[in-house]
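With chain A's structure known, arrange chains B, C and D on it following the hints.
Protein chains: 4
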Amino acid sequence: MTTHHFAPTHYYTTIGSHEPVLRIQPGDTVITTTVDARGQDVNAQQITAPGNPMTGPFYIEGAEPGDTLVVRLDKLTPNRTYGWTARMLAANVVDPSYVPSLPWPIDGPKGPAKWHVDAEAWTATLVEPETKLGTLTLPLNPMVGCFGVAPAGGQAISTATSAEHGGNMDYNGFVEGVTVYFPVAAAGALFHIGDGHATQGDGEIVGTGIEISFDVQFTVDLLKGQRIGWPRGENEEYIFTCGNARPLDQCVQHATTEMVKWLQEGYGLDAFGANILMGQTVKYDLGNIFDPAFTMVCKMPKRWLP
Amino acid sequence: MTTHHFAPTHYYTTIGSHEPVLRIQPGDTVITTTVDARGQDVNAQQITAPGNPMTGPFYIEGAEPGDTLVVRLDKLTPNRTYGWTARMLAANVVDPSYVPSLPWPIDGPKGPAKWHVDAEAWTATLVEPETKLGTLTLPLNPMVGCFGVAPAGGQAISTATSAEHGGNMDYNGFVEGVTVYFPVAAAGALFHIGDGHATQGDGEIVGTGIEISFDVQFTVDLLKGQRIGWPRGENEEYIFTCGNARPLDQCVQHATTEMVKWLQEGYGLDAFGANILMGQTVKYDLGNIFDPAFTMVCKMPKRWLP
Amino acid sequence: MTTHHFAPTHYYTTIGSHEPVLRIQPGDTVITTTVDARGQDVNAQQITAPGNPMTGPFYIEGAEPGDTLVVRLDKLTPNRTYGWTARMLAANVVDPSYVPSLPWPIDGPKGPAKWHVDAEAWTATLVEPETKLGTLTLPLNPMVGCFGVAPAGGQAISTATSAEHGGNMDYNGFVEGVTVYFPVAAAGALFHIGDGHATQGDGEIVGTGIEISFDVQFTVDLLKGQRIGWPRGENEEYIFTCGNARPLDQCVQHATTEMVKWLQEGYGLDAFGANILMGQTVKYDLGNIFDPAFTMVCKMPKRWLP
Amino acid sequence: MTTHHFAPTHYYTTIGSHEPVLRIQPGDTVITTTVDARGQDVNAQQITAPGNPMTGPFYIEGAEPGDTLVVRLDKLTPNRTYGWTARMLAANVVDPSYVPSLPWPIDGPKGPAKWHVDAEAWTATLVEPETKLGTLTLPLNPMVGCFGVAPAGGQAISTATSAEHGGNMDYNGFVEGVTVYFPVAAAGALFHIGDGHATQGDGEIVGTGIEISFDVQFTVDLLKGQRIGWPRGENEEYIFTCGNARPLDQCVQHATTEMVKWLQEGYGLDAFGANILMGQTVKYDLGNIFDPAFTMVCKMPKRWLP
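Protein chains in written order, with my numbering: chain A, 743 to 1048; chain B, 743 to 1048; chain C, 743 to 1048; chain D, 743 to 1048.
Possibly wrong hints are sitting among the right ones.
The list treats identical chains as one, so a pair stands whether inside a single copy or across any two.
Claimed, not checked - Here are the simulated lysine-lysine pairs, DSS-like style, with alpha carbons at most 30 Å apart:
(1) Lys874 x Lys1003
(2) Lys966 x Lys1003
(3) Lys1025 x Lys817
(4) Lys1025 x Lys856
(5) Lys966 x Lys856
(6) Lys1044 x Lys1025
(7) Lys874 x Lys856
(8) Lys856 x Lys1044
(9) Lys1003 x Lys1044
(10) Lys1025 x Lys874
(11) Lys817 x Lys874
(12) Lys1025 x Lys1003
(13) Lys817 x Lys856
(14) Lys966 x Lys817
(15) Lys966 x Lys874
(16) Lys966 x Lys1044
(17) Lys856 x Lys1003
(18) Lys874 x Lys1044
Since the hints were derived computationally from the structure, they do not count as laboratory data.
With the rest of the complex left out, here is chain A (with noise of 0.2 Å):
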């Protein structure tokens, strides 16, 4: 039950059998930090190539495909001021004859706009450009972008996007106190973490959060020979099953899938139970519909579990 604080020297832009920059132990936490979606630091400085650069790998000990890789969200904390978001919804996220009717920078401000984040008062303010919102400020909710293990097969898969092994889902429900199940596909699952948003609206529709650098802990555990097919998550009120994908209706196929897998393997229930209980109580998030790949997440509340 170590605690590593670890400050990283190098990122990666792709989520594959890197070398690893620490090796820990299950039951481990780390203490450590990660750059925003276009490699600025805490000081707001660019040190690495743009695209969501991820702070690892980390080498579980004992970890093998087959088994979970276990990662509970300790802390997530925006630890600098500057924000910044795009200005424009994403072309696709609207009705294509209406693409052309969208603010286009060609001839306004052009650049991302800028956002005051407090991490005392829990707030982020917008700062520029001036619009007739008038003064926003809006509650923090930092979450992790993009994180995941290494893929199977020697695949190293963009920053960008997401598949079965995690990746850029973009779900603002991965927040702190959350855990994270993940398939492990290689040797010490190789677990990565980055892209910070102070918040974000449901599908990332902008194309981004509020991006920032955070102080980032996680303690990571191993669930052996324990199997499964997509991200899953547990909140206080939720399991959760993620599913990324396009279209939207395939991450749903992905994520009701393993939510009705994880039912019955998981919580004993019989097939009839588990879907008769998912058909009434089942709960669908929008994670993004922005990236390559989109994601939906299946939540199930606790309470109606045996």
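Chains B, C and D in isolation, oriented as in the chain A frame:
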């Protein structure tokens, strides 16, 4: 401001330009009943052909194409104790390769699962089949599965599906106290309503909510010359827009486009303001992923609106 | 085996259970005309409202739900020289981010592109606008854009779209000499036809073919008690099935399912035989990717059939 | 203009920045072999792990990101007589409710269907299982299932799927005589090739073509400084573009956008000319609807090009 007590004698399984059953004024209230999706009434007797039979249509005096019909759902109360649901996830909501693993009723119990609905206790309890869930008692959340106005151009659209006119959206946010806005496309709007659910999970993933007959009360109003593209709604916390299509991606496009227009035309936001605000605060609900057209709902918290 | 000469006096922009314009017997032939998609006739005069106005419906004596209507397209001839097309790719057929780069007619020429259609020479020549193509003269391939039978349950479906009943499939394989099969869903079948194209690329990706009025001759027949799920067709080389839905993936599912059933029920193949044969010999055509419902066509070469 | 005879000794199941097996010059020709999708060689012996093992990568001197690699498929010849296919339609290509009706190999014959491939007679004959097809002998159409160049950013993408770099497109138009263009994204381009099919229906709807090992000859060239977005190709009759994604709608968007750009940038057409021409003359082929990313191909007949 008349209150009409209307006892239906026949029902439609399309939403179209049928002969009105009642003519009412903007501001009027209607108290009536609906049968369940299979045409079973307050006594659980089948009195009309199945397939979401509609009560109505109600002709709203003065309504013309280009107006918006306002419908406030005043009361939605299950009026019998027998409710039913399907007992298997719909084949399209799981991975194609998992479909044969679903509990097809080949050798097992047939017919729907049965629920005891207690509108006093505000609960629904699974009666049959017996499962490993033990006793399952859910709180009620009575909602309208299918309602809407006559579509444009003389179409008569099956109550199995949905489109710009509303229809079978099967969204569990259409509950008591919600105000709904429909785009009028025919003289008198021709409002239809039916398909009550005592409760329903997100997505209607077994293809049914807890299907039941309702006592219904609603109040109509008219926004003259105000043209909208898709059904909109409002509750205490949110304004929201509905997109009905396939795949879910397109539902999101319709709902998001309708919302970004509403924020600019209805709330005076500039394009950058509307886009930036939506990016960090919008929520999406999954209405249904079962009907011929699916439904996604885009929600904006009222607290952020100017 | 009567030949009817029918001169239409009014048109419908839905396919539904409208009053028949003519009652005919199985085996009968009809010689008639169709207006173009905007309701323009042989003289290029607009004589009815736009939106794929249909000639018909024709009532086929003896046709009942559960039968199959057979329609042989005997002759399809453009009957005027003026044809028109859209001049921009539909926004939904290019990448969302490319949409603003399309040649929107904001500052440029407005209205449709104009073509000179010469049914003697069997050519269509682009007349306006002038482009860097120089003279563009295409061979004709006259096809029916929209035809079908009354859908089930009293629906009246817009001629903008398509479904099990046929409709606006905009498939350039519906040409002279082809035999088409429709699932009868209402007494008399109620056959509608219109929306002729002098030619059209795959997918109808600008939203039109070369739109023009037609002289039409077709012959009907009836397969009593033979139930099909989707429109089917046959030419010298292929049998084929149509799937109408969104997204294209679902069109493929419908068309493929209809074909694998046809091979087993209609040609006596066993399941393995049908599956293996389809895997290595099947062809797909893209009907349209523009209308509310898209169309994909699954084709099986007759030479491999027992 | 050297001709290299290359005998592979190991294979990759990802396409990525692996150590090159051979360095060649633009203009050079390579004569080599490929194993089948399961890693079986000319003797039908499994010599490497399954999953579309690739021969290569070949390093093309001078190739840099932003260039286009040209690959002419000079010869593609099955080099053994044993071919195999799956015997069931993929679950995702039929209606979800039809999936249980597919011939799942629970109680029936297991393993692949076996074919006798005769490269002299240019035929493939189904050997096993016995079906009601009687003797089924198809003409050969040898094609490359999977080939491409190293993707950008250090990714290593599974040979199960495809993207901008090419990959497992499973398009039956990649045959002898075709010239293919790939966007170079890594120094040396790093060309991989494998997964030969003796023939294949459109869509690879059983998940395989007739899988077999190949003798392969190809010739490379380089277009310096010419940047393309997606794989392109050319045969005697057509130029074509590939879109790899999900759903098929998005494949069409990618392929269509790539074509409209090509016509304007490569053939000097104006926007109206390119749009109008494509609308009435373009053809689409379905590559595959089985792999994680599907493939649609947009084809323009050369006869209409200036």
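May I ask which of the numbered hints given earlier this structure violates, with the numbers listed in increasing order? Numbers 5, 11, in rising order.
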